[in-house]
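Trainee: Chain by chain, the residues run as shown.
Number of protein chains: 2
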Amino acid sequence: MEIEMKMITGIKETKYVNAEELGKYIGGEVHVKASIYKIRRMKGFAFVLLRTSRMVVQSIYSAEEASFPLETLKEECCCNIRARVVLEERSRTGYELHLLDVEVLTEPEEISPIVINGKQMNTSMEKLLDYRPITLRNDKERAIFKIQNGITDGMRSFFAKEGFTEIHSPKIVFAGAEGGANIFKLDYFGKEAYLAQSPQFYKQMMVGVYERVFEIGPVFRAEKHDTSRHLNEYTGVDFEMGYIETFEEIMQMETEMLKAVMEWLRKHCAYELELLSATLPEIEEIPAIRFSEAKEWIARECNRPIRDYEDFEPEEEKLLSELVMKKFESEFVFVTHYPSKKRPFYAMDDSENPEDTLSFDLLFRGLEITTGGQRIHGYRQQMEKIIARGMDPDAFESYLMMHKHGIPPHGGMGMGLERLTSRLLMQDNVRYSTLFPRDVHRLTP
Amino acid sequence: MEIEMKMITGIKETKYVNAEELGKYIGGEVHVKASIYKIRRMKGFAFVLLRTSRMVVQSIYSAEEASFPLETLKEECCCNIRARVVLEERSRTGYELHLLDVEVLTEPEEISPIVINGKQMNTSMEKLLDYRPITLRNDKERAIFKIQNGITDGMRSFFAKEGFTEIHSPKIVFAGAEGGANIFKLDYFGKEAYLAQSPQFYKQMMVGVYERVFEIGPVFRAEKHDTSRHLNEYTGVDFEMGYIETFEEIMQMETEMLKAVMEWLRKHCAYELELLSATLPEIEEIPAIRFSEAKEWIARECNRPIRDYEDFEPEEEKLLSELVMKKFESEFVFVTHYPSKKRPFYAMDDSENPEDTLSFDLLFRGLEITTGGQRIHGYRQQMEKIIARGMDPDAFESYLMMHKHGIPPHGGMGMGLERLTSRLLMQDNVRYSTLFPRDVHRLTP
Numbered sequence: 339m340e341i342e343m344k345m346i347t348g349i350k351e352t353k354y355v356n357a358e359e360l361g362k363y364i365g366g367e368v369h370v371k372a373s374i375y376k377i378r379r380m381k382g383f384a385f386v387l388l389r390t391s392r393m394v395v396q397s398i399y400s401a402e403e404a405s406f407p408l409e410t411l412k413e414e415c416c417c418n419i420r421a422r423v424v425l426e427e428r429s430r431t432g433y434e435l436h437l438l439d440v441e442v443l444t445e446p447e448e449i450s451p452i453v454i455n456g457k458q459m460n461t462s463m464e465k466l467l468d469y470r471p472i473t474l475r476n477d478k479e480r481a482i483f484k485i486q487n488g489i490t491d492g493m494r495s496f497f498a499k500e501g502f503t504e505i506h507s508p509k510i511v512f513a514g515a516e517g518g519a520n521i522f523k524l525d526y527f528g529k530e531a532y533l534a535q536s537p538q539f540y541k542q543m544m545v546g547v548y549e550r551v552f553e554i555g556p557v558f559r560a561e562k563h564d565t566s567r568h569l570n571e572y573t574g575v576d577f578e579m580g581y582i583e584t585f586e587e588i589m590q591m592e593t594e595m596l597k598a599v600m601e602w603l604r605k606h607c608a609y610e611l612e613l614l615s616a617t618l619p620e621i622e623e624i625p626a627i628r629f630s631e632a633k634e635w636i637a638r639e640c641n642r643p644i645r646d647y648e649d650f651e652p653e654e655e656k657l658l659s660e661l662v663m664k665k666f667e668s669e670f671v672f673v674t675h676y677p678s679k680k681r682p683f684y685a686m687d688d689s690e691n692p693e694d695t696l697s698f699d700l701l702f703r704g705l706e707i708t709t710g711g712q713r714i715h716g717y718r719q720q721m722e723k724i725i726a727r728g729m730d731p732d733a734f735e736s737y738l739m740m741h742k743h744g745i746p747p748h749g750g751m752g753m754g755l756e757r758l759t760s761r762l763l764m765q766d767n768v769r770y771s772t773l774f775p776r777d778v779h780r781l782t783p
Numbered sequence: 339m340e341i342e343m344k345m346i347t348g349i350k351e352t353k354y355v356n357a358e359e360l361g362k363y364i365g366g367e368v369h370v371k372a373s374i375y376k377i378r379r380m381k382g383f384a385f386v387l388l389r390t391s392r393m394v395v396q397s398i399y400s401a402e403e404a405s406f407p408l409e410t411l412k413e414e415c416c417c418n419i420r421a422r423v424v425l426e427e428r429s430r431t432g433y434e435l436h437l438l439d440v441e442v443l444t445e446p447e448e449i450s451p452i453v454i455n456g457k458q459m460n461t462s463m464e465k466l467l468d469y470r471p472i473t474l475r476n477d478k479e480r481a482i483f484k485i486q487n488g489i490t491d492g493m494r495s496f497f498a499k500e501g502f503t504e505i506h507s508p509k510i511v512f513a514g515a516e517g518g519a520n521i522f523k524l525d526y527f528g529k530e531a532y533l534a535q536s537p538q539f540y541k542q543m544m545v546g547v548y549e550r551v552f553e554i555g556p557v558f559r560a561e562k563h564d565t566s567r568h569l570n571e572y573t574g575v576d577f578e579m580g581y582i583e584t585f586e587e588i589m590q591m592e593t594e595m596l597k598a599v600m601e602w603l604r605k606h607c608a609y610e611l612e613l614l615s616a617t618l619p620e621i622e623e624i625p626a627i628r629f630s631e632a633k634e635w636i637a638r639e640c641n642r643p644i645r646d647y648e649d650f651e652p653e654e655e656k657l658l659s660e661l662v663m664k665k666f667e668s669e670f671v672f673v674t675h676y677p678s679k680k681r682p683f684y685a686m687d688d689s690e691n692p693e694d695t696l697s698f699d700l701l702f703r704g705l706e707i708t709t710g711g712q713r714i715h716g717y718r719q720q721m722e723k724i725i726a727r728g729m730d731p732d733a734f735e736s737y738l739m740m741h742k743h744g745i746p747p748h749g750g751m752g753m754g755l756e757r758l759t760s761r762l763l764m765q766d767n768v769r770y771s772t773l774f775p776r777d778v779h780r781l782t783p
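Read top to bottom, the protein sequences are chains L and C. Going from the first sequence to the numbering used here is simple: count from 1 and add 338. Going from the second sequence to the numbering used here is simple: count from 1 and add 338.
No lab work stands behind these hints: they were computed from the structure. Just so it is clear, the structure is predicted and the values come from calculations on it, not from any experiment. Take the hints with a grain of salt, since some may be wrong.
Which copy is meant is left open, so a pair is good if it fits within one copy or across any two.
As the list claims (entries may be wrong) - SDA-like cross-link-like pairs, simulated, lysine to any residue; straight-line CA separation at most 25 angstroms:
| no. | residue 1 | residue 2 |
| --- | --- | --- |
| 1 | K562 | E530 |
| 2 | K523 | H779 |
| 3 | K499 | W602 |
| 4 | K412 | D468 |
| 5 | K529 | A519 |
Given the sequences, and given the hints that come with them, work out the whole structure.
Mentor: In structure tokens, the structure reads:
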């Protein structure tokens, strides 16, 4: 008996052109898919801005050329369009479209409760986020996340070149990497489980497998901080590398990674960078200063008493960035050798001064975007530190397995993707660079 | 006053060579970093297998050449090594190393409780997973996840070419995409929240922003199934595309993606594919058969009564794959038009037969690896289906925002990365292709 089968052979040819290639069709006619972004009625014609997958393209409606009345078009209609591509030197793209035919595929049911097609989103951050599914359609809003995608593409390209393997570590875990109270609990078939605060344990284990690994994925922090730089879920960029001789190598790797990312953005996201008037930092070299010296330097230069000898106040991070910019013309600064008691139990202490760790933070334009350092690789050394901190070694049995069975000297770093993006774009709140932010007050959309 | 700053300039030159490039140094001497994978004592010399970041490299220890006694080396030591690279045609790599000097960086504290350097891991799956941090060091074990990394790299390269934007959607959500009881709950600052069962809602919203989006990230299913194909956390590969004319375009896109992945693996993972004796499927075209016809075909050909008219039994998926292989020589088969009542509320019903949906699954070597289909884009149509199902529209307010304000016709698919990997490697349990599996009984390591 005959079975009715259809053979799926792969992508078919289409009459629709890729909107990014419209410039190739100047003088000709094209079929293109687009949403109606904005209609501006003029005397005798109208400007119709078309939102395509990446660019907003200007088109002209005139009753002489078009086969349909202007009323057919509404903002946020999705359409198949036939148009002429006409040379127009005043346009940013070098061309404009003259509308000929349109097929309206879908129409909005209601008028937008918020203006999304202005030059900027003129609204509060709260509203911007409440209406995220539609406010992201604003061309500047979506440019932010195209740049964010450029950042991760640039990183991945760099990691591949440097021999890193990408891993996917579990997010439901038995114990937290950083410990403490800032951890989400969940019921896992009657057992207590947690959401991973970082892939720390797993990336270290994987150093014993591939030497160099990275992961770009969600991390969860149940912090109650409600500030412009905290999120309860964010995208962590983590790498970890084996066979290091000094913890400086980790900072060197991060420096190269940042250079590669800026290079990538220059090449692949010029459209969005221009749209957002973003200035990429020039990275030649990044100064590194010891934490204790940085504290003293800020105190002296800014005439400010030191209140906390173990951590920075946010204001101090800003002041340090300003001092470094003035003195070294660098928008980045590494701060090294944080006090041991402020760093996790797996941080390697400095043998020259065991009160300090071989660790660092990276500040960018006044904000901490990275924490990293060398980890303890010796089993006994790690056991001692766990016990000295009053922690229970049994809770870390599978973690300690790697120390017990040999792991090379290693270290790595974790970076907040949203923090990097938001400082790159000079936003005053990390939420602007978070697709759908989660904070103490926000769980939707 | 002078501030002590160190300038971090990026990656320094190193005397160590990349182990993958050892073949370039035949006849010369090299410095290389490696773990001692296996020592085989022979008469008058020893074979010492070195585990480098990707390859296991054979070296020869002889007292004449080496500056150190063999006892210096223990399995799972991490070392800096100086060696001569010698032409050796019988070796798979075309060369072998003659050990000259060694610097032992770290040593295991205990002998491994499980043999990890055999040709295979001769142990139960339970033990394999219990000791994951060390069993992954076995060269065949780690090859699995190098191939998995090749799969995602191949996908990303394909998605970039096809104009997809990568997104990072939140994993802590207010409502579940698929609904039902299979959802993990957590306490979110006193509110009830869930772990995302898929990025479904978000990828659909993002179609209104970028037209084509994808995400590769964790998804969570609180299913109590304890089978060889279920995981409670896995890596989902999701894409969603706008402006489709038929749901077949989604299958075409997936077919092209799979072709691109196989091509990528052939080019970039030949070493691992050979190590695992893996055979990649040849993909020219993939047959698509309607669900109801597939059920009848299996019943007829295999003389098997139909017990469930709305879903496949796992055995039927295997039988269908066998029938398709025999008739069409394809290791993949799309099954289309699943019954509406078995598909989620956002699935587009078939206008020709509203009992069915414009949806599909993809089976590969007897296992379902993908679910996809066209989604409802009309606001009223979506509202009607929500209400008809007795669901509360208010719970989907931000999801429905996109329908209300216009979204193009669209659809997409979700694939389990571990399932694809495990069928590619012909494993009988998806856990073998999961780095650190989570199931009803397993929360560690």
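Trainee: One pair to classify: K412 and D468, alpha carbons no more than 25 angstroms apart. Within, between, both, or neither?
Mentor: Only inside one copy: K412 and D468 sit 23 angstroms apart there, 60 angstroms across copies, limit 25 angstroms.
Trainee: Have a look at K562 and E530 and pick one of within, between, both or neither, based on CA distance no larger than 25 angstroms.
Mentor: both (21 angstroms within a copy, 16 angstroms between copies)
Trainee: Checking K499 and W602: alpha-carbon separation at most 25 angstroms within a copy, between copies, both or neither?
Mentor: Both ways: K499 and W602 sit 14 angstroms apart in one copy and 16 angstroms across, limit 25 angstroms.
Trainee: If the cutoff is 25 angstroms on CA atoms, where do K529 and A519 land: within, between, both or neither? Let me know, please.
Mentor: Both: 18 angstroms inside a copy, 17 angstroms across copies.
Trainee: Since the copies are identical, ignore which copy is meant and state whether K523 and H779 lie within 25 angstroms (CA to CA) inside a copy, between copies, both or neither.
Mentor: Both: 18 angstroms inside a chain and 18 angstroms across chains, each within 25 angstroms.
In this structure, none of the earlier numbered hints is contradicted; all agree with it.
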